[in-house]
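Listed in order, the protein sequences are those of chains A and B. If you count by our numbering, then the first sequence holds residues 209 to 642, one letter each, in order. If you count by our numbering, then the second sequence holds residues 653 to 1125, one letter each, in order.
Hints are computed from structural coordinates only; laboratory data are not their basis. Note that the structure is predicted; figures quoted are calculated from it, not measured. Heads up, some of the hints might be wrong.
Sample of chain B residues lacking proximity to chain A, with all beta carbon distances greater than 12 Å (derived) [as the list claims (entries may be wrong)]: (1) L743; (2) I920; (3) P961; (4) K1022.
Computed list of lysine-lysine pairs in DSS-like fashion (alpha-carbon distance at most 30 Å, straight line) [as the list claims (entries may be wrong)]: (5) K287(A) with K906(B); (6) K213(A) with K543(A); (7) K549(A) with K622(A); (8) K291(A) with K665(B); (9) K938(B) with K949(B); (10) K1056(B) with K1026(B); (11) K1041(B) with K938(B); (12) K418(A) with K229(A); (13) K693(B) with K1091(B); (14) K291(A) with K1026(B); (15) K713(B) with K772(B); (16) K422(A) with K452(A); (17) K229(A) with K287(A); (18) K346(A) with K756(B); (19) K1060(B) with K287(A); (20) K229(A) with K213(A); (21) K1091(B) with K287(A); (22) K379(A) with K530(A); (23) K418(A) with K291(A); (24) K756(B) with K693(B); (25) K665(B) with K1022(B); (26) K949(B) with K1032(B); (27) K747(B) with K338(A); (28) K558(A) with K375(A); (29) K528(A) with K581(A); (30) K1041(B) with K949(B); (31) K291(A) with K756(B); (32) K1041(B) with K229(A); (33) K1022(B) with K475(A); (34) K1026(B) with K475(A); (35) K229(A) with K772(B); (36) K287(A) with K343(A); (37) K581(A) with K549(A); (38) K287(A) with K1026(B); (39) K543(A) with K581(A); (40) K1032(B) with K291(A).
We treat Cβ as the ideally placed atom computed from N, Cα and C, and that holds for glycine.
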Amino acid sequence: MTNKKFTPIIGMEIHVELATKSKMFCQCPATHFQVPANTHVCPVCLGLPGALPVPNRQAIEDTIKIGLALGCRINLHSKFDRKHYFYPDLPKGYQISQYDQPLCEGGEVILESGKAIRITRVHLEEDTGKLQHDKSEKTSLVDFNRSSVPLVEIVTEPDLSSAEEAKEFLKLLHSTVRFLGVSEANMEKGSMRLEANISLSPDGNLPPYKVEVKNVNSFRYIAAAIDYELKRHQPIIEAGDWPKQETRGYNSVTKKTVSQRSKEEAKDYRYFPEPDIPPLVFEQSYIDSLQNSLPLLPHIVINTLTAAGVRHAFALQVSKDKDLSHFALELLAAKPDLVDKLIGLILNRKLSWQHKSVASLINEYQSSQQSTKLDESATLHLIKVVLDENPDTVALFKKGKTTAIEFLVGQVMKAAKGQADPNLTRTLLQKQLK
Amino acid sequence: MSRQSLMTMTTPKSITEFHFLLTSKKATLPELISHFIANSKTQHDRLNLYITTTFDQALEKAKTLQQQLDSDPDIITKLPLFGIPIAYKDLFLTKGIRTTAGAKLLDSFIPPYSATVVDKLEAAGAISLGKLNLDAWAHGASGENSDYGPTRNPHGTDYTPGGSSSASAAAVASGCVLVSTGTDTGGSIRLPANFCGIVGLKPTYGRVSRYGIIAMSSSLDSVGHFTNNVSDSATVLSVTSGADPHDANTSGSKTFQSSPEFLNLKDITLGIPREYIYPVTNSEVKDNFADTVSLLKKAGANIVELSLPHTEAAIAVYYILQPAEVSSNLARFDGIRFGRNRSHFSPEAVRRQLIGTFTLSSGYYDAYYKTAQKVRTLIKQEFDAVFSKVDALITPVSPTPPFKIGEKVNDPVAMYLSDVFTVTANIAGISGLAIPTGKTADGLPLGIQLLGPRFGEETIYPIASQLEQLLHD
Chain A
209 MTNKKFTPII GMEIHVELAT KSKMFCQCPA THFQVPANTH VCPVCLGLPG
259 ALPVPNRQAI EDTIKIGLAL GCRINLHSKF DRKHYFYPDL PKGYQISQYD
309 QPLCEGGEVI LESGKAIRIT RVHLEEDTGK LQHDKSEKTS LVDFNRSSVP
359 LVEIVTEPDL SSAEEAKEFL KLLHSTVRFL GVSEANMEKG SMRLEANISL
409 SPDGNLPPYK VEVKNVNSFR YIAAAIDYEL KRHQPIIEAG DWPKQETRGY
459 NSVTKKTVSQ RSKEEAKDYR YFPEPDIPPL VFEQSYIDSL QNSLPLLPHI
509 VINTLTAAGV RHAFALQVSK DKDLSHFALE LLAAKPDLVD KLIGLILNRK
559 LSWQHKSVAS LINEYQSSQQ STKLDESATL HLIKVVLDEN PDTVALFKKG
609 KTTAIEFLVG QVMKAAKGQA DPNLTRTLLQ KQLK
Chain B
653 MSRQSLMTMT TPKSITEFHF LLTSKKATLP ELISHFIANS KTQHDRLNLY
703 ITTTFDQALE KAKTLQQQLD SDPDIITKLP LFGIPIAYKD LFLTKGIRTT
753 AGAKLLDSFI PPYSATVVDK LEAAGAISLG KLNLDAWAHG ASGENSDYGP
803 TRNPHGTDYT PGGSSSASAA AVASGCVLVS TGTDTGGSIR LPANFCGIVG
853 LKPTYGRVSR YGIIAMSSSL DSVGHFTNNV SDSATVLSVT SGADPHDANT
903 SGSKTFQSSP EFLNLKDITL GIPREYIYPV TNSEVKDNFA DTVSLLKKAG
953 ANIVELSLPH TEAAIAVYYI LQPAEVSSNL ARFDGIRFGR NRSHFSPEAV
1003 RRQLIGTFTL SSGYYDAYYK TAQKVRTLIK QEFDAVFSKV DALITPVSPT
1053 PPFKIGEKVN DPVAMYLSDV FTVTANIAGI SGLAIPTGKT ADGLPLGIQL
1103 LGPRFGEETI YPIASQLEQL LHD
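Please put together the full structure from these sequences, using the hints given.
Here's what the structure looks like:
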């Protein structure tokens, strides 16, 4: 088998914690980062007997916005389901999630190459508590502050074919979520968590296995994990075998993935509709109003800027920053001919834009252009050098070929590395040649 | 002031009588509560009613309320349950007071919060005497599944009081309290009300908050109550009903307003579904039902026979949906945060969790749970269609009079069939009211249930009042 035949087949699952004030199914504050353990808890998020979940309207709306931003269709009839498994950080013995009627389905994200990455679904669920293991004490502690914090799961089709594509996709998704203002999407704080399902196909068809790499907290690491996995799978497949279907984690120190648990059989979560929450029914007019209220989104920024001639790399960089994106679009409206240049200067930190109006930035640029021009004496000095170096042209001019002066202006500009003012140079040259 | 001594005081049988004793100053509230406590002690020894008593707190509250009454005689008109002795099925969470669900697994569980209904009842002036025995986790039709021993029927201690709200019915019927709470998932209020000869309400699903009540089967659980008469039942519903921000399924619930208007039975059409009549072979149940119907007919009610053909599927649907939800709801009892570990589940709870886990499993879900949900929709539609033609349905509650303790314990299917006439109301989410209508030759209670549409309590209570009056005359 040769290297060329192999096709990586990669799908992503991304969890995004919403930045709502209260939790998904109770009134507790949803903040949990560096909060004293078990202080943001109540009967509902502790899963006490008799407690009932009441869904958070804002979280549902935020999820729909994510779906709309990713081009999904919104299910006007949706519902919550119970997903059962036992774990000490899951107080009810089931997670309230969405199974067969997620809020959003069927969107896509377009990469720079024009390739579409299809979004299978976007659904809403609740986060679990957190375990702290103390090996010396032989105890494990549970902190339920994170229990029932709203969590959005975004699932893609296996459309990604490289670590680089995965990274590009994730960055675009990250800035989209940030632009919507629905989540901090902070990797270090765990408010955005990445999972990749990785297979390597020897013939282009979906192979009979996938390896899941879970809980990776940076774009660089998920790309490294994907590359590591693809390299690991290839010799196994070349030897006529398939890699084991399993869940692996990524160790950023050893730069390797490690097996966490074998997943040869699908887990049986015994999903069934959550009877404590009535089905969700939306009016199309409500969805339309959310669609119309969507803020500026990264892919719009990229498309608009590149269509106006801005380099794609610049546009991509701009699209990561919501305020800069707005600024760049204003710049485009005001000075379309300079927009690529100005964005380049901003991104290279040659021009600062914060706390400035577009007009004042343009003024600043233009006056800076003038102030960097050579003054009269410096220009004169260069003119003398150029005249000394070009006696033939000077002679031509003096014979009456007045257009020869333009060649001399050009030579001065060249000597000044563009910093001379052509009008001033021409005037001074005419004086000198009299 | 001359008062009857506690020993000779006749136990008041209604909220009105109770309040009359207070307003006429024939008794003080501490005296009345002491009287009910004394009854409770005697009857508990005979019937095994209480898992936990709160007699001291009850007396304290009685003293406080008496002082309030002395300074503000109008308080009795403001608080509909002023001073009324009440007790809760031990499935209702009571802040700071042990709540066991009748299960030793929860023997030491002291909840940090109270059920919405408990808060509402106590804010309306009710005084709790304690927590009442039940089939563990509300799994049963006789009270015999309690980890705290079976409760006995006050009308014959060899007999079960019905279940799962076994002691809730027995406590009201034996004069320990005037009101008790219960839950009805497949008949767990109406069957014991029927076996104990008192009034039991299964409200419309979503009419009364389930918050703070240990869930058995979330889509079927209805939170109701027991009283000696129809009027008290309506009063209690006016306190417990209404939307609760903690229970998403109550968002459509209006507070029940007891209508004082006189109802003319001539304006009422009652339906008798034949599927609820033909299977009855017990002649006393049969005859009593026929007598009750002819009484209503004579008073002018229009009676029509009709058919609910999906009734025979109801028990099958119930025993798929209910254990499925039970298996899910009991998952939280993992022994990590409260209670003992899962090895302490009693056999019936294990049986239901196994059945439910099986029917929800991948590959079986479509054949069982999903199919049952489809039949459930058919049953609902069938009731909707019927209620466009009749105001309410009248049926027996149980195919038999009370059965003996031990009679069905080794035959779970026979026990499950005790609910054959009651489960349909839970599956359809409609309202149901059990009313006593007579006794067997052995002195055991007999009765009927009125079934009304969803949020049809406003219709069935006035009919029940009329029937109660006819039976009394």
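Hint check results:
L743(B), annotated as away from the interface, has a beta carbon of chain A within 12 Å; the closest lies near 8 Å. Separation of I920(B) from chain A is adequate, the least Cβ-Cβ distance of about 32 Å exceeding the 12 Å criterion. Consistency note on P961(B): stated as away from chain A, and its beta-carbon is indeed over 12 Å from all of that chain's, at 26 Å minimum. For K1022(B), the requirement that its beta carbon stay farther than 12 Å from each beta carbon of chain A is not met, with the minimum near 9 Å.
Proposed proximity of K287(A) and K906(B) is supported: the alpha carbons are some 24 Å apart, at most 30 Å. The straight-line distance between the Cα atoms of K213(A) and K543(A) is roughly 49 Å, outside the 30 Å bound, and the hint therefore fails. Straight-line distance between C-alpha atoms of K549(A) and K622(A) comes to about 21 Å, which keeps the hinted pair within the 30 Å bound. Straight-line distance between C-alpha atoms of K291(A) and K665(B) comes to about 48 Å, which puts the hinted pair past the 30 Å bound.
A distance of roughly 17 Å separates the Cα atoms of K938(B) and K949(B); the hinted pair therefore holds under the 30 Å criterion. A C-alpha spacing of about 36 Å is found between K1056(B) and K1026(B), which places the hinted pair above 30 Å, so the restraint is violated. The straight-line distance between the Cα atoms of K1041(B) and K938(B) is roughly 25 Å, inside the 30 Å bound, and the hint therefore holds. This hinted pair does not check out: K418(A) and K229(A) have alpha carbons roughly 37 Å apart, beyond 30 Å.
A threshold of 30 Å between alpha carbons decides the hint, and for K693(B) with K1091(B) the separation of about 27 Å falls inside it, so the pair holds. The hinted pair formed by K291(A) and K1026(B) meets the criterion: a straight-line CA distance of about 21 Å does not exceed 30 Å. For the proposed pair K713(B) and K772(B), the alpha carbon gap of about 16 Å is at most 30 Å, so the pair holds. A C-alpha spacing of about 16 Å is found between K422(A) and K452(A), which places the hinted pair at or below 30 Å, so the restraint holds.
Using a Cα cut-off of 30 Å, the hinted pair K229(A) and K287(A) holds, with the two alpha carbons roughly 22 Å apart. Among the hinted pairs, K346(A) with K756(B) is consistent with the structure: their alpha-carbon atoms are about 29 Å apart, no more than 30 Å. Restraint check for K1060(B) and K287(A): the C-alpha separation of about 40 Å exceeds 30 Å, so the hint is violated. Using a Cα cut-off of 30 Å, the hinted pair K229(A) and K213(A) is violated, with the two alpha carbons roughly 50 Å apart.
For the proposed pair K1091(B) and K287(A), the alpha carbon gap of about 48 Å is over 30 Å, so the pair is violated. With a CA separation close to 14 Å, the supplied pair K379(A) and K530(A) stays within the 30 Å bound. Between K418(A) and K291(A) the alpha-carbon distance is near 22 Å, which keeps this suggested pair within the 30 Å criterion. For the hint linking K756(B) to K693(B), the alpha-carbon distance of about 22 Å falls within 30 Å, and the restraint holds.
For the hint pairing K665(B) with K1022(B), the CA-to-CA distance comes to about 47 Å; that exceeds 30 Å, so the pair is violated. For the suggested pair K949(B) and K1032(B), the alpha carbons sit about 28 Å apart, so the restraint of at most 30 Å is met. For the hint pairing K747(B) with K338(A), the CA-to-CA distance comes to about 27 Å; that is within 30 Å, so the pair holds. For the given pair, K558(A) sits about 28 Å from K375(A) by alpha-carbon distance, which is consistent with the 30 Å threshold.
About 34 Å separates the Cα atoms of K528(A) and K581(A), which puts this hinted pair outside 30 Å; it is violated. Between the alpha carbons of K1041(B) and K949(B) the distance comes to roughly 17 Å, so the proposed pair stays at or under 30 Å and holds. Taken as a hint, the K291(A) and K756(B) pair is honoured in the structure, with Cα atoms around 28 Å apart against an allowance of 30 Å. The suggested pairing of K1041(B) with K229(A) is violated, with an alpha-carbon distance near 49 Å, which exceeds 30 Å.
Taking the CA atoms of K1022(B) and K475(A), the gap is near 20 Å; set against the 30 Å cutoff, the hint holds. A hinted pair counts as satisfied when its Cα atoms are at most 30 Å apart, and K1026(B) with K475(A) qualifies at roughly 26 Å. About 29 Å separates the Cα atoms of K229(A) and K772(B), which keeps this hinted pair within 30 Å; it holds. Under the criterion of a C-alpha separation no larger than 30 Å, the hint pairing K287(A) with K343(A) is inconsistent with the structure, at around 41 Å.
The suggested pairing of K581(A) with K549(A) holds, with an alpha-carbon distance near 18 Å, which does not exceed 30 Å. Simply put, K287(A) and K1026(B) have alpha-carbon atoms about 17 Å apart, close enough for the 30 Å limit, and the pair holds. Between K543(A) and K581(A), the direct Cα distance comes to roughly 22 Å. Compliance with the 30 Å bound is thereby established for this hinted pair. Using a Cα cut-off of 30 Å, the hinted pair K1032(B) and K291(A) holds, with the two alpha carbons roughly 27 Å apart.
Against the hints set out earlier in the document, violations occur for numbers 1, 4, 6, 8, 10, 12, 19, 20, 21, 25, 29, 32 and 36.
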